[in-house]
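2 protein chains.
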Amino acid sequence: MSISVSGAMTTPSKVVFIGAGNLAWNIAPAIDSLKDFEVVQVVARTLESARSVSCRLANAQPLCSTDLIDSTADVYIIAVGDSDIPLISARLAGINTSAIWAHTSGSISLDTLTPLGKNIGVFYPMQTFSKGREISIDSVPFFIEGSNDSVTRQLTAIARQLSDSVTLLSGDDRTLLHAAAVFACNFTNHLLAISSELLSHRGISFDVMKPLVEETVIKAFATGPDNGQTGPARRGDISTINRHADIIGQQYARLYRLLSDSIINRFKENV
Amino acid sequence: MSISVSGAMTTPSKVVFIGAGNLAWNIAPAIDSLKDFEVVQVVARTLESARSVSCRLANAQPLCSTDLIDSTADVYIIAVGDSDIPLISARLAGINTSAIWAHTSGSISLDTLTPLGKNIGVFYPMQTFSKGREISIDSVPFFIEGSNDSVTRQLTAIARQLSDSVTLLSGDDRTLLHAAAVFACNFTNHLLAISSELLSHRGISFDVMKPLVEETVIKAFATGPDNGQTGPARRGDISTINRHADIIGQQYARLYRLLSDSIINRFKENV
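Top line first, the protein sequences correspond to chains A and B.
Under the working numbering, the first residue of the first sequence is numbered 1, with each subsequent residue one higher.
Under the working numbering, the first residue of the second sequence is numbered 1, with each subsequent residue one higher.
Bear in mind the hints are in silico, worked out from the structure with no lab data behind them.
Small disclaimer: the values here were computed from a predicted structure and weren't measured.
Mixed in with the good hints, there may be bad ones.
Only some residues are given here: those of chain B computed to face chain A with a beta carbon under 8 Å [as the list claims (entries may be wrong)]:
(1) Ser33
(2) Gly94
(3) Ile95
(4) Ser107
(5) Asp164
(6) Ser165
(7) Val166
(8) Val182
(9) Leu259
If you want the footprint, here are the derived chain B segments under chain A, 3+ residues with CB under 8 Å [unchecked claim]:
(10) 41–48
(11) 149–161
(12) 227–235
Even glycine gets a Cβ: it sits at the ideal position worked out from N, Cα and C.
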């Protein structure tokens, strides 16, 4: 099996999406819109969920069971929660061992897909997706890993048609990349949630934080985050740190102190 | 003393800036550009530092000592580090007790300025400032507190000429606001620094994080941060959390686990 990414008259390669979550909602339509690819099925736990993605595609069948999965597809994209990938891999073992099987996870190792065949890979778009929020896919960085050169080449070719940023990455490097993304995205978002909650106690709208947060992000990418570090911990201002830890309440005081200590340690040699 | 904010023929009110750091570099020119105000002096520890701000102003004298401070100014703005505010307040006591004296800190109480006179206030622009980075002042939220109605009214009038977002805030509320800003800005920036460092270990440019971080911030303000929370902790995916804590090294593992626990606790009732 070989996927054409250039031929004008070839039949589009058939793609099956297993999973109909936030990622599939964004990525399946992008692949379906490529000339050489056609998403033929979307499989989810419920028909309603499968339809939420298949209704965004030209001609895809929604399924709520793996029993009717097309065994003649060229590419199977497993876009389910990390903890479900081993289950899916075991359940679909042997269905189509010559096809490409790829998962979309930042943290699951490639060999989790071994039961599915020899052409296995990782197709990881590093972005925070939500159903209902259209993302500009061409700026999403994709990270690719393949069990052999052919898989790597073909997954890379698909990703390059979707995005300007496509990188080959080993499993270990991808795990570290994912951990770095958890800091930059998931944990950052949680700090914003805490900030918003503290403001709400005094009836202040979280919107007042917007210029500050936007400038923080712009500056971090323009000059490097360490160069833009400001605040009480950066100044070693212990009395403000204590006052803040008191006023925000026990629930967040430990986190406030650990983050402050981490900043203080980072700049210790320069103070 | 009363400051005219509308009179066409009045003499501009004289403003002295004490401090020539990141905040003064941005705010002093904005005030100097107002029709009714003129920054006449900038005082700093060194003449070089004072000049870095005064050179951005129409006609201000740089000073490296408080001895020559103009005792006939209308407004004194104390834009020094938080820990220096009590020292400045003690040193300048009695110079001009009828003028307005305001500090620009999010976390220092108003009464720290009591030695300076009865017309004291807080003029707090909530933004992360850097010398060399021009900020659009009109979107910076200003928070005002005054020791009496006249001070409050006059500081508010100045802020309203600079910004579209001006709010009166008590000292306690300002401390909480500042703590919330530390979470949203200083701590967020530190997480970005950790993310950047982790990537650098594998030779990956921090720039790959930009689309993810930008989308995280856009989503947080569009739908509220809790609604956009994703990631291993949000899914209760303990095996990924353990794998990340292992791979990032001891230095950041404790912070990773505390932030993950904080997210897990936040969503516990909804899981």
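When the structure is checked against the list of hints, which entries are broken? Sort them ascending.
Those not satisfied are hints 1, 2, 3, 5, 7, 10 and 11.
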